[in-house]
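Chemist: Read off the chains here:
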Amino acid sequence: MEERIKNVEEQIEIKQEAVIPPEKEGRKWSPKTIVDKFGALFGLIGLSIIMTILAPTFMTVDNLMNVARQASINALLSLGMLLPIITAGIDLSVGSILALSIVMGGLVTVTWGMSPIIGLIALLVIGALAGLINGLLLTKLRLPHPFISTLGTMNVYRGLALIITGASPIFGFPLLMNYVGQESISIVPVSFILVIVVAIIMHIFLNRTATGRYIYAIGGNKEAARLSGIPVDRVLIIVYTVSGFMAALGGLVLIGRTNSASPIAGLTYELDAIAAVIIGGASFFGGVGTVIGTLIGALIIAVLRNGLNLIGTSSDLQTVVIGVVIILAVFVDVLRRKGAKK
Amino acid sequence: MLLKMKDVSKSFSGVQVLHDINLEVEEGEVHVLLGENGAGKSTIIKILTGAYTKDTGQIKWENEILEVAEPKDAIDAGIATIYQELNLIPELSVMENIFLGHEQKKRSKFSLLNRSAMKKRAKELMKRLGQNTDPDELVQNLGVGQQQLVEIAKALSLNAKLIIMDEPTSSLSGNEVEQLLQTVERLRKQGMTFIYISHRLEEIKRIGDRITILRDGTKVKTVDVNNTSIDEMITLMVGRTLNNKFPKIEFKKGNEGLRVERLKLTPESQEINFTAYAGEILGFSGLVGAGRTELMRGIFAADSIESGDIYIFGEKKKIRQPKDAIKEGIAFITEDRKEEGLFLDQPLYFNKTIAKLEQVKKNGLISVKGQKNIADKYVESLKIRPNNINLLARHLSGGNQQKVVIAKWLFTQAKVFIFDEPTRGIDVGAKVEVYNLINELVKSGACVIIVSSELPEILGMCDRIIVMHEGALTGDFNRDEVDQEIIMKAATGG
Numbered sequence: 546m547e548e549r550i551k552n553v554e555e556q557i558e559i560k561q562e563a564v565i566p567p568e569k570e571g572r573k574w575s576p577k578t579i580v581d582k583f584g585a586l587f588g589l590i591g592l593s594i595i596m597t598i599l600a601p602t603f604m605t606v607d608n609l610m611n612v613a614r615q616a617s618i619n620a621l622l623s624l625g626m627l628l629p630i631i632t633a634g635i636d637l638s639v640g641s642i643l644a645l646s647i648v649m650g651g652l653v654t655v656t657w658g659m660s661p662i663i664g665l666i667a668l669l670v671i672g673a674l675a676g677l678i679n680g681l682l683l684t685k686l687r688l689p690h691p692f693i694s695t696l697g698t699m700n701v702y703r704g705l706a707l708i709i710t711g712a713s714p715i716f717g718f719p720l721l722m723n724y725v726g727q728e729s730i731s732i733v734p735v736s737f738i739l740v741i742v743v744a745i746i747m748h749i750f751l752n753r754t755a756t757g758r759y760i761y762a763i764g765g766n767k768e769a770a771r772l773s774g775i776p777v778d779r780v781l782i783i784v785y786t787v788s789g790f791m792a793a794l795g796g797l798v799l800i801g802r803t804n805s806a807s808p809i810a811g812l813t814y815e816l817d818a819i820a821a822v823i824i825g826g827a828s829f830f831g832g833v834g835t836v837i838g839t840l841i842g843a844l845i846i847a848v849l850r851n852g853l854n855l856i857g858t859s860s861d862l863q864t865v866v867i868g869v870v871i872i873l874a875v876f877v878d879v880l881r882r883k884g885a886k887k
Numbered sequence: 113m114l115l116k117m118k119d120v121s122k123s124f125s126g127v128q129v130l131h132d133i134n135l136e137v138e139e140g141e142v143h144v145l146l147g148e149n150g151a152g153k154s155t156i157i158k159i160l161t162g163a164y165t166k167d168t169g170q171i172k173w174e175n176e177i178l179e180v181a182e183p184k185d186a187i188d189a190g191i192a193t194i195y196q197e198l199n200l201i202p203e204l205s206v207m208e209n210i211f212l213g214h215e216q217k218k219r220s221k222f223s224l225l226n227r228s229a230m231k232k233r234a235k236e237l238m239k240r241l242g243q244n245t246d247p248d249e250l251v252q253n254l255g256v257g258q259q260q261l262v263e264i265a266k267a268l269s270l271n272a273k274l275i276i277m278d279e280p281t282s283s284l285s286g287n288e289v290e291q292l293l294q295t296v297e298r299l300r301k302q303g304m305t306f307i308y309i310s311h312r313l314e315e316i317k318r319i320g321d322r323i324t325i326l327r328d329g330t331k332v333k334t335v336d337v338n339n340t341s342i343d344e345m346i347t348l349m350v351g352r353t354l355n356n357k358f359p360k361i362e363f364k365k366g367n368e369g370l371r372v373e374r375l376k377l378t379p380e381s382q383e384i385n386f387t388a389y390a391g392e393i394l395g396f397s398g399l400v401g402a403g404r405t406e407l408m409r410g411i412f413a414a415d416s417i418e419s420g421d422i423y424i425f426g427e428k429k430k431i432r433q434p435k436d437a438i439k440e441g442i443a444f445i446t447e448d449r450k451e452e453g454l455f456l457d458q459p460l461y462f463n464k465t466i467a468k469l470e471q472v473k474k475n476g477l478i479s480v481k482g483q484k485n486i487a488d489k490y491v492e493s494l495k496i497r498p499n500n501i502n503l504l505a506r507h508l509s510g511g512n513q514q515k516v517v518i519a520k521w522l523f524t525q526a527k528v529f530i531f532d533e534p535t536r537g538i539d540v541g542a543k544v545e546v547y548n549l550i551n552e553l554v555k556s557g558a559c560v561i562i563v564s565s566e567l568p569e570i571l572g573m574c575d576r577i578i579v580m581h582e583g584a585l586t587g588d589f590n591r592d593e594v595d596q597e598i599i600m601k602a603a604t605g606g
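Chains as they are written, first to last, in this note's numbering: chain A, 546 to 887; chain B, 113 to 606.
Hints are computed from structural coordinates only; laboratory data are not their basis.
What you were told as hints is all true, and nothing was included just to trick you.
With a Cα cut of at most 30 Å, we get these calculated DSSO-like pairs of lysine-lysine:
{"id": "1", "chain 1": "A", "residue 1": "685", "chain 2": "B", "residue 2": "468"}
{"id": "2", "chain 1": "A", "residue 1": "685", "chain 2": "B", "residue 2": "430"}
{"id": "3", "chain 1": "A", "residue 1": "767", "chain 2": "B", "residue 2": "468"}
{"id": "4", "chain 1": "B", "residue 1": "450", "chain 2": "A", "residue 2": "767"}
{"id": "5", "chain 1": "A", "residue 1": "685", "chain 2": "B", "residue 2": "450"}
{"id": "6", "chain 1": "B", "residue 1": "484", "chain 2": "A", "residue 2": "767"}
{"id": "7", "chain 1": "A", "residue 1": "685", "chain 2": "B", "residue 2": "435"}
{"id": "8", "chain 1": "A", "residue 1": "767", "chain 2": "B", "residue 2": "376"}
{"id": "9", "chain 1": "A", "residue 1": "767", "chain 2": "B", "residue 2": "473"}
{"id": "10", "chain 1": "A", "residue 1": "767", "chain 2": "B", "residue 2": "495"}
{"id": "11", "chain 1": "A", "residue 1": "685", "chain 2": "B", "residue 2": "429"}
{"id": "12", "chain 1": "B", "residue 1": "429", "chain 2": "A", "residue 2": "767"}
{"id": "13", "chain 1": "A", "residue 1": "767", "chain 2": "B", "residue 2": "489"}
Pulled a few chain B residues facing chain A out of the computed Cβ check, cut under 7 Å:
{"id": "14", "residue": "414"}
{"id": "15", "residue": "434"}
{"id": "16", "residue": "438"}
{"id": "17", "residue": "453"}
{"id": "18", "residue": "457"}
{"id": "19", "residue": "458"}
{"id": "20", "residue": "467"}
{"id": "21", "residue": "469"}
{"id": "22", "residue": "477"}
The beta carbon of each residue, even a glycine, is placed where N, CA and C say it ideally should be.
Using the sequences and the hints given, assemble the complete structure.
Modeler: Here you go:
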């Protein structure tokens, strides 16, 4: 009997070796892992090369800084959107949160004439608060999916922004409120510096804090997360609060770029943000997604828009191209996963 | 002869699970497959229904060779299967479920559905089963017993000649069981043939004609039900020596580890009291659905309980959610490691440290290096193969996945370990390694509870055995005072 068990054991060992080749440290940079890690980056580089060939003015410092500026708002929203998507959720309300937070900022500084510092705080707090409400609706009311809760608040927040302003935009922000969206340090737009700083913080948050790791755990397997003692509800509330806060930050950039706060600002921004996250390699099924991928996703969209503009393509056609890119990006991801399974 | 399996064998990853099985099923009989979990019953069924393909051997159906490459081949031949988990769409009506996939059309393939004809036929089929079910009733409005009859009606509508039933009564209440047994008897009188799998011996005695007994993937023998007593069935089923497969080590029984007092899962359920001690392995035995998993989930607060007190090493503790349970030193290794234990798309080091991340913090941030160091340590000590902590949990074998889950809980420094079906679905060699790990835990002074449906596992590894039946404790035995028959008796409420 013992003999037999031993034999079986040996067989099992051999079999496993055969099925899964032990990946040693030295093989860390195999072609497959490089594509895995930097697939989206190759997409961005390839796209940039094509744009350079088609539009000679694309690869100039001025234009690249322009791309960086144009990418900023979506990049901020995308970095926020990344969190709900990693948890296998979604936040449809970010465009509306952006609008609500900037009109609040306008109300405080322009209409009431208060200090721009207070305006700034009001703007950011409103964004975080709106996100917090999303999180509470999802976890405390036990709404079945964040698609529903944020679809609801998307309408509520937009409506509130319209009511507050009487549906007309607020103009004439004080200098400090315009700074981030308008100014550059040397040649680099301040908004892009903000994106980089936020991205670094977000990267550390997701990878090096317990809450960050819990976000991946919840997206990977919610039940296992709960049974591992992870405070699932609290983490989800944080996720949506951060997403709302990031939308408000995006709004701050928009104020500077337009020197105004319109209650209809940010319409469909949530869709661009979702696109950037997905192009960046995150999965709708949760558990997967990176900051660097998301940034690249946002840049790919910006490069596409900018390049197609330079070439002289109509904005209608741009929309078609971006749609195709989203589908292609996800399709490539599907192929890759299939390959990994074999 | 309706069905004849000749010398059918099957292995998985080099481990043979079926050895030259010969099975003959006569037309019009209820042929019972009997054996412990892992004896090979399900594998036989899956080969017959096309879920697995056999390695060697031959299947003859109505005296002609039948190749079952996919489920459709079996269905076309007239073999219908009713699984423990019913395959019905709750939101659709009885009629729609019966004809799902083979709907009747008005004229050609592309014309509209012939609803009136299907309705009439559905009514007839349910009548044949002695039921007056409205064909338009939604399946979700029916009880489990009725739903099962809808499955049988579906089999009849497919002109099945053989109906395979895999533990059909395990999820039914008393009346529903009676109804099902009557239905089987009625159909058999009409000439239907059954392959019937059940652990409930009384039931087998009542409706079975012949029994084929399996053990360790080998056929023991086929006997007539009338000439075989229940005791004989049990002996034939379990008759094997348990040495070496269970590396049991005796330790000195220590202090009280986990005490459960007056625990009620629901307002209606019975109060449960028991104590588990450090240095011992306490086994929970019982039939599927006896309430063992529910009890453990209640203790761990994975599900909420009605009332009751829990004491950990003598101290009363408030446990409202899994987080509290973990804080108090309880580890819960769930039955379904893929659904409830693992993060399949995360590397091993993530899986091992996620339940206690504060332990790997450095300057307030989580150290990936720290995580990896700890993971390395467990890979080493638990012999996890392949020994690569960057591998995704998905890519490990079942046994190694189980070790990863155990490592996760070892890292939380738990003192009370609850294992729910610790060796389900893992192979013989890996089982022994899991048992060795459990021994190590007990040696280190932990209190270990094992819930298992495999009697040999319970008898082979546990010092004390509590038996459950329908949500209540029906026996508490020391290992030296029980055998399988005594446990079986307590587990069936006898």
